[in-house]
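Participant: Listed below are the residues making up each chain.
There are 2 protein chains.
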Amino acid sequence: MASHVAGPDIEKLIKLLARLPGLGPRSARRVALHLIKNKDQLLVPLSEAMRVAVEKVQVCETCGNIDSASPCTICTDTRRDPSVLVVVEDVSDLWALERASVINAAYHVLGGTLSPLDGVGPDDLNIAGLLKRTAKGEIREIILAVNATVEGQTTAHYITDQLQEQAKELKVSNPAYEPIRISQLAHGVPIGGELDYLDEGTLLQAIRSRKAFE
Amino acid sequence: MASHVAGPDIEKLIKLLARLPGLGPRSARRVALHLIKNKDQLLVPLSEAMRVAVEKVQVCETCGNIDSASPCTICTDTRRDPSVLVVVEDVSDLWALERASVINAAYHVLGGTLSPLDGVGPDDLNIAGLLKRTAKGEIREIILAVNATVEGQTTAHYITDQLQEQAKELKVSNPAYEPIRISQLAHGVPIGGELDYLDEGTLLQAIRSRKAFE
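These protein sequences, in sequence, are chains C and Y. Take the first sequence: its letter number 198 is residue 198 in full-length UniProt numbering, and every next letter is one higher. Take the second sequence: its letter number 43 is residue 43 in full-length UniProt numbering, and every next letter is one higher.
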């Protein structure tokens with residue numbers, strides 16, 4: 001009886017909503033009720049937005065971003081500097097950097113990190129696509145904006161090796177070839193961070209990378 | 001720039017998701033990304049479930065419940081006792097009682113509580129509908145399962161007055177008429193509740209309504 005409290009159609013909606021990250025069975029019910037009570041203001045437009053997403057949203061074949069167009073809005077944005085490529089693990093990282101408006105460059109989404117234990121090897125990530133882009137010779141800098149985790153750093157090292165190998169090969173066919181500059185995000189104390197709550201690794205990096213007081 | 005990180009279609013989806021209860025702008029983005037990444041398993045069926053909800057879900061004209069049919073699944077359930085009517089403020093309260101499987105009766109959803117300060121009077125609630133149902137003479141008990149708030153109790157008192165007035169009138173035309181029994185939920189210590197964390201009102205009710213130890 002309790003499984004069909006609200007009729008099969010609403011129960012189905014609740015069941016699907018409960019699979020969204022951050023929602024459980026109870027909050028899914030609250031969301032379903034809120035949607036139904038605000039049918040014209042919320043349920044109808046959200047249903048429509050999802051239909052559009054189903055139809056139009058795709059992975060950008062250039063950078064791996066998610067958008068309604070491929071190449072995506074970022075790849076086709078002529079106000080961006082195409083010579084700088086920010087390499088990220090996931091679309092959510094790309095979004096985080098864009099929200100912060102910290103760099104006006106192009107992106108490359110790897111789609112994960114190397115993780116031998118989980119069976120994720122180089123072929124499972126979009127590394128071949130990255131090397132194809134760097135081979136064209138238009139990119140001057142690669143910023144490895146991966147997470148500061150073991151997997152992220154392993155992936156960063158692997159990509160650096162691959163890029164250096166590619167640079168050697170390109171140098172053979174073109175002696176004037178200038179290798180791409182490879183950089184990574186700075187480590188240190190996050191803004192607003194209290195030293196007491198930071199791990200030793202972060203404190204070590206913060207001391208080692210210390211700068212002249214401004 | 002930051003407002004169109006992910007293209008207008010996805011941004012629109014995120015904006016609508018952020019209006020769901022319990023979700024903020026950040027979690028809405030996470031949900032949108034999760035939906036897009038799990039297109040076939042989640043986005044497509046959820047989009048379809050919402051389309052069905054838009055088309056079919058309606059308010060039951062008998063009890064005020066929300067369902068794909070009117071009269072609703074509960075009102076048409078012949079295994080329920082139609083002589084007992086549980087009066088609740090909101091559909092979410094009906095769902096909560098049904099989940100607990102504590103009573104196999106019919107329901108009546110008021111759609112809120114009396115709240116003069118917010119301009120909610122008797123005509124804004126489904127009280128006329130309730131009196132129409134009780135006038136038929138088939139209901140033997142009304143359980144006022146309203147919240148234990150000032151507004152809930154005010155509403156319970158108002159409904160009780162209305163039912164008693166109706167009983168008087170019905171008695172005039174039919175001297176054999178038996179008035180409907182009106183009851184309310186018991187107040188007391190919730191199961192698992194610690195006395196230390198309970199308010200004085202609850203403790204007072206728990207003492208006043210104390211029962212022989214079983």
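Source of the hints: derived by calculation from the structure; they are not laboratory data. A couple of the hints might just be wrong.
Identical copies go unnamed one by one, so any copy, or any two together, can satisfy a pair.
[What the hints assert, rightly or not] Simulated pairs of lysine to any residue, SDA-like, Cα-Cα distance not exceeding 20 Å:
hint: 1; residue 1: LYS12; residue 2: ALA69
hint: 2; residue 1: LYS15; residue 2: LYS211
hint: 3; residue 1: LYS168; residue 2: ALA135
hint: 4; residue 1: LYS168; residue 2: VAL150
Participant: None of the hints should be skipped; say for each whether it holds.
Facilitator: Going down the list of hints, with the structure as the test:
| no. | hint | in the structure |
| --- | --- | --- |
| 1 | LYS12 / ALA69 | between (31 Å within a copy, 15 Å between copies) |
| 2 | LYS15 / LYS211 | neither (53 Å within a copy, 40 Å between copies) |
| 3 | LYS168 / ALA135 | within (11 Å within a copy, 91 Å between copies) |
| 4 | LYS168 / VAL150 | neither (27 Å within a copy, 78 Å between copies) |
Taken one by one, the earlier hints fail for this structure at numbers 2, 4, listed in ascending order.
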